[in-house]
Amino acid sequence: MQVLIWGGIIFLLSFFIHIILWKIHLPKYQTAALLYIFFLTLFLSIVTLYFFPKVGELTGFSTPEDCWSYLHLALFVMSLTFAYIITYSALEADSPTLSILLMLNQAGPDGLEPVVLERFIDQRPFIGARMECLLHDNMAVLENGKYKTTPKGRWLAKLLLFYRPDRQNDQTKAGPV
Amino acid sequence: MRTFTQFCIPLAGLAFNVLCQILSLQLGKRIRLFQSIMLGFAAGFLLVCILELTLFFYSSAEWLDFLAYWVCNTITYGCLGYGYFAYINLGESSLRIRIIDALLHAPDGLTEETLIKRFNDRELLSMRIQRLLDHGEIQMRDGKYVLGKSKLVPIAKIVFLLKWLILGKRSEFE
Numbered sequence: 000m001q002v003l004i005w006g007g008i009i010f011l012l013s014f015f016i017h018i019i020l021w022k023i024h025l026p027k028y029q030t031a032a033l034l035y036i037f038f039l040t041l042f043l044s045i046v047t048l049y050f051f052p053k054v055g056e057l058t059g060f061s062t063p064e065d066c067w068s069y070l071h072l073a074l075f076v077m078s079l080t081f082a083y084i085i086t087y088s089a090l091e092a093d094s095p096t097l098s099i100l101l102m103l104n105q106a107g108p109d110g111l112e113p114v115v116l117e118r119f120i121d122q123r124p125f126i127g128a129r130m131e132c133l134l135h136d137n138m139a140v141l142e143n144g145k146y147k148t149t150p151k152g153r154w155l156a157k158l159l160l161f162y163r164p165d166r167q168n169d170q171t172k173a174g175p176v
Numbered sequence: 000m001r002t003f004t005q006f007c008i009p010l011a012g013l014a015f016n017v018l019c020q021i022l023s024l025q026l027g028k029r030i031r032l033f034q035s036i037m038l039g040f041a042a043g044f045l046l047v048c049i050l051e052l053t054l055f056f057y058s059s060a061e062w063l064d065f066l067a068y069w070v071c072n073t074i075t076y077g078c079l080g081y082g083y084f085a086y087i088n089l090g091e092s093s094l095r096i097r098i099i100d101a102l103l104h105a106p107d108g109l110t111e112e113t114l115i116k117r118f119n120d121r122e123l124l125s126m127r128i129q130r131l132l133d134h135g136e137i138q139m140r141d142g143k144y145v146l147g148k149s150k151l152v153p154i155a156k157i158v159f160l161l162k163w164l165i166l167g168k169r170s171e172f173e
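As given, the protein sequences belong to chains F and S, one line each in that order. Counting from 1, position 132 in the first sequence corresponds to residue 131 in numbering that gives the first Met the number 0; the numbering is continuous, with no gaps. Counting from 1, position 169 in the second sequence corresponds to residue 168 in numbering that gives the first Met the number 0; the numbering is continuous, with no gaps.
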């Protein structure tokens, strides 16, 4: 019971800190900032619960009983954090598929002519925006008019593409979103 | 001992999920990637439930305690499974990762023109539209695209609502 309650409280606390900070100023490196906020809050909360168990008495909830409970609490909050960060990356960048669907939803039963959708996409240069993101995140560099990967970009790509070593570099393999 | 076992349950669920997903993809000839992911996730979830029930029956835990652990471990397992799904899917669907992949295959680098030619916005659009048509998400009626029986629209609405609430804008191009 303690793991569920304290885990929920710590995650919600981190989430509200993140929302407040975002309203004040949007960080340059958002994912890194999120990791800092969530992990620092988790660490400080665990230290507080461990060294000051009276906090639990004040709130009416007992603190975790042993080290495995604390690890369980950390696992619970960390898994929620990673799930949130994965979802957040979908918020940062627009998905072409979801954008098309929402536009058709707004159009209603009359639908849209293909040329309208083409115009819509022309106004949203997804490729250019992703290239800018790669440069911003130091995953690629522009040298003598050519884009090249950085060690960070190579490491990340290898990590993510490790699962499919036989995959071809083919645009047609794109997923649904 | 009980707290240690409870800590291990979602991790065991994830390990079983990964194992079932890989085995079903390798051994099942007709199983596609997405189906293997769903199968693995369901298998892992089943293991989490079985382990929770076993622990409940073989210990003197109260039912409320059992329920709290079950909810906690189901959420933890769900998040870990979601992370695994994202890991597999990112290499397939993320435009950023596919661009990086293209750059990895070109040691001398690629010019902006080459990249735009390869990852053309219009081509991207037609590919996505074709996929949406294939999945029945949209339909072509009298030369116009209309929404079909879409399962993704509610997700799109939630994503754009969250984007507006958290980032204060509806689109990255605003």
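Hints should not be assumed to be uniformly reliable.
Straight-line distance between alpha carbons at most 25 Å, and here's what the computed DSS-like set of lysine-lysine pairs gives [said to hold, decoys possible]:
1. F:Lys27 to F:Lys147
2. S:Lys156 to F:Lys22
3. S:Lys143 to F:Lys22
4. S:Lys168 to F:Lys27
5. S:Lys156 to S:Lys143
6. F:Lys157 to F:Lys145
7. S:Lys156 to F:Lys145
8. F:Lys157 to F:Lys147
9. S:Lys168 to S:Lys156
10. F:Lys157 to S:Lys168
11. S:Lys150 to S:Lys168
12. S:Lys116 to F:Lys147
13. F:Lys27 to F:Lys151
Partner residues are not named here, just some residues of chain S that face chain F (Cβ under 10 Å, in silico) [claimed, not checked]:
14. Leu54
15. Phe56
16. Asp64
17. Lys148
Because the hints were derived from the structure by calculation, they are not lab data. Backbone N, C-alpha and C fix where the C-beta goes; we use that ideal spot for every residue, glycine too.
Indices of hints not satisfied (ascending) = 3, 7, 10, 14, 15 and 17
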